[in-house]
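Produce the complete structure using the sequences and hints provided.
In order, the protein sequence lines correspond to chains A and B. Here the first sequence is numbered in our numbering, starting from 1 and rising by one per residue. Here the second sequence is numbered in our numbering, starting from 239 and rising by one per residue.
Don't read these hints as lab results, they were simulated from the structure. Among the hints, erroneous ones may be present.
Okay, derived cross-link-like pairs now, DSBU-like style, lysine-lysine, Cα gap no bigger than 30 Å in a straight line [what the hints assert, rightly or not]:
| id | chain 1 | residue 1 | chain 2 | residue 2 |
| --- | --- | --- | --- | --- |
| 1 | A | K143 | B | K296 |
| 2 | A | K69 | A | K238 |
| 3 | A | K215 | A | K69 |
| 4 | A | K98 | B | K330 |
Computed from a prediction, not measured in an experiment: that's the story for all the values here.
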Amino acid sequence: MTNHNRFIIMGAMALGLQSALAGDITGTITLSGTAPEAQIIDQISSDPKCSTMHAEPVKTKFYVVDADKHLADVVVVVRGITGKSTGASAAPLVLDQKACLYTPYIAAVQTGQKIQIKNSDDLLHNVDVQPAADGNKPSMMNKAQMSGAADLVISFPAEENFLKFKCDVHPWMFSYVTVVDSPYFAVTGKDGSFKISGVPAGKYTVEALHRKAGKVAKEIEVKDGDTKLDFELQVPAK
Amino acid sequence: MTKNGYNKPLHQFAVATALSTLALIALGGLVTSHGVGMSVPDWPTTYGYNMFLFPISKWVGGIFYEHTHRLLASVVGLLTIVQLVWIFLQEKRVWLKWYAVGSLVLVSMQGLLGGLRVVLSKDEIGVFHAIFAQLFFLMLCSVALFTSRKWMEIEEGKKPFAIESGVSGKAFWRWIFLGVTVLIFAQLIVGATMRHQHAGLAIPDFPLAYHKVWPDTDSASIAFYNSQRVELEDANPITAFQVRLQMAHRLMAFSILMLVSLCSWFSRKSFGSRHPLARISLIWLGLLFLQVILGAVTIWSNKAADIATGHVVVGALSLAVGELLTIIAFRALIPNPVSQTVSENREVAGVFSIPGKVGQVTGN
Chain A
1 MTNHNRFIIM GAMALGLQSA LAGDITGTIT LSGTAPEAQI IDQISSDPKC
51 STMHAEPVKT KFYVVDADKH LADVVVVVRG ITGKSTGASA APLVLDQKAC
101 LYTPYIAAVQ TGQKIQIKNS DDLLHNVDVQ PAADGNKPSM MNKAQMSGAA
151 DLVISFPAEE NFLKFKCDVH PWMFSYVTVV DSPYFAVTGK DGSFKISGVP
201 AGKYTVEALH RKAGKVAKEI EVKDGDTKLD FELQVPAK
Chain B
239 MTKNGYNKPL HQFAVATALS TLALIALGGL VTSHGVGMSV PDWPTTYGYN
289 MFLFPISKWV GGIFYEHTHR LLASVVGLLT IVQLVWIFLQ EKRVWLKWYA
339 VGSLVLVSMQ GLLGGLRVVL SKDEIGVFHA IFAQLFFLML CSVALFTSRK
389 WMEIEEGKKP FAIESGVSGK AFWRWIFLGV TVLIFAQLIV GATMRHQHAG
439 LAIPDFPLAY HKVWPDTDSA SIAFYNSQRV ELEDANPITA FQVRLQMAHR
489 LMAFSILMLV SLCSWFSRKS FGSRHPLARI SLIWLGLLFL QVILGAVTIW
539 SNKAADIATG HVVVGALSLA VGELLTIIAF RALIPNPVSQ TVSENREVAG
589 VFSIPGKVGQ VTGN
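Okay, here's the thing in structure tokens:
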């Protein structure tokens, strides 16, 4: 074997090894700046049926922050990996219309992943979805969902941030789903933390997206093991 | 029907049809104000039912507004057809017959636009739906005017709107009335565009705008405005265009209020306080003041649905009064290009001759 061939084989092995390596990205999102106060959704209180489903007044949840300023409902996405979606075989995301609210409020799915929309209320809701991305527009939907009706199922072929699902019968009911063309994303929990597992080793841009506070991005290199990545989102200031 | 062709039942029916249309505009305003235009996802059916058989028990939440809007629209369509048939059977004025045909075409287009707004889910169609609603209302108001006793007196050659002093030099004011009415219509188009973008209040304070005389509209400012908005109902993020559009709406409102004040003052000074032009102008001014107050309260109440809808209704009334005033002014303020005898004038103009003032009025 010539030296030339040895180099080729070693290079190929190195590449193969690198692609086989995968790591996790973990981190926490914090919010700086002053967010507006959550407000009571008066419309729920004044609705004869929906009001009976809540013992306490329901408030808006645009900025869900804990005592340490950790921010929930942030979508964290590893960009630069496309065509790796396993959405077709992934478990569906369940969006439930329960107690006249959409649950969860913020979610993310892969392209092609099914979104199963339930109506757990003893009420009629309509499911109004108006995608903005060209590839998703044919999936536009506005369908009635009676109490006890079968779940509605929808999926989207193109990436899109904060695709809105809403009910026009009860116009305070809405939620947002971000569509990503890979399985490498997460949504922060109440403690502002996230974990993206099994990211192939390599250099990426990771974005943290919040519907109100906007977007921040960082460059990282993922290696085998755990890669720590924290973000600070700022309430835009004048 | 009287000798001069005045048909009281037809006139009363025309007034009722116009008022029904105003009520329809109000219901449409409530649909948009509540953001429930898509709460009935199908058309012309309602949740799969024949629209007229949709069970009352299901008229809940946003469906109540959207469904009753559709039902009243059907009633208005029916009234328009009846009015058309009535005019064809009992009216001699051919132009009025064609005018009534025009109103049926417009209401049909309007129904179709409303349906397409739902089926295609396009906000832009909603803007046109709102604009055509105003045009249709104007048509019906003018039919009510053209079938009125006063108008029939005009057609007969009497002078119910006779002017006590000379009109020479004042004829151009009819163009002012027309201009202000067109400006109000433009203002309603701006308002409809703002409402049908479903972005809530682009500027949440008044009389200042984001605490300034003129708000910043750079991208950083818009990002800041959006980050601070707490929408209780679904609303799209605002854009710089929407902020500028609302500023244009405010400036136009101020201009219209000034111009209507001027029209009212002119009418009173020139024709006397008892003249119909002066009286209608005063009503016009009152409506405009009310409209400005409602506009301010719409903002202060964070776009409360009933207040915002009141703003739409008074806007429609202001436009209609401007239209009627313009039509009357075009018959009352007749230019005086040449001197003619009173007898000639009465023959030609037939309506607005001024007793005892030779050569003051001519036909047009």
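Cross-check of the supplied hints:
{"no.": "1", "hint": "K143/A with K296/B", "in the structure": "holds, 15 Å"}
{"no.": "2", "hint": "K69/A with K238/A", "in the structure": "holds, 20 Å"}
{"no.": "3", "hint": "K215/A with K69/A", "in the structure": "holds, 17 Å"}
{"no.": "4", "hint": "K98/A with K330/B", "in the structure": "violated, 62 Å"}
In summary, the structure is inconsistent with hint 4 from the numbered list given earlier, while agreeing with all the others.
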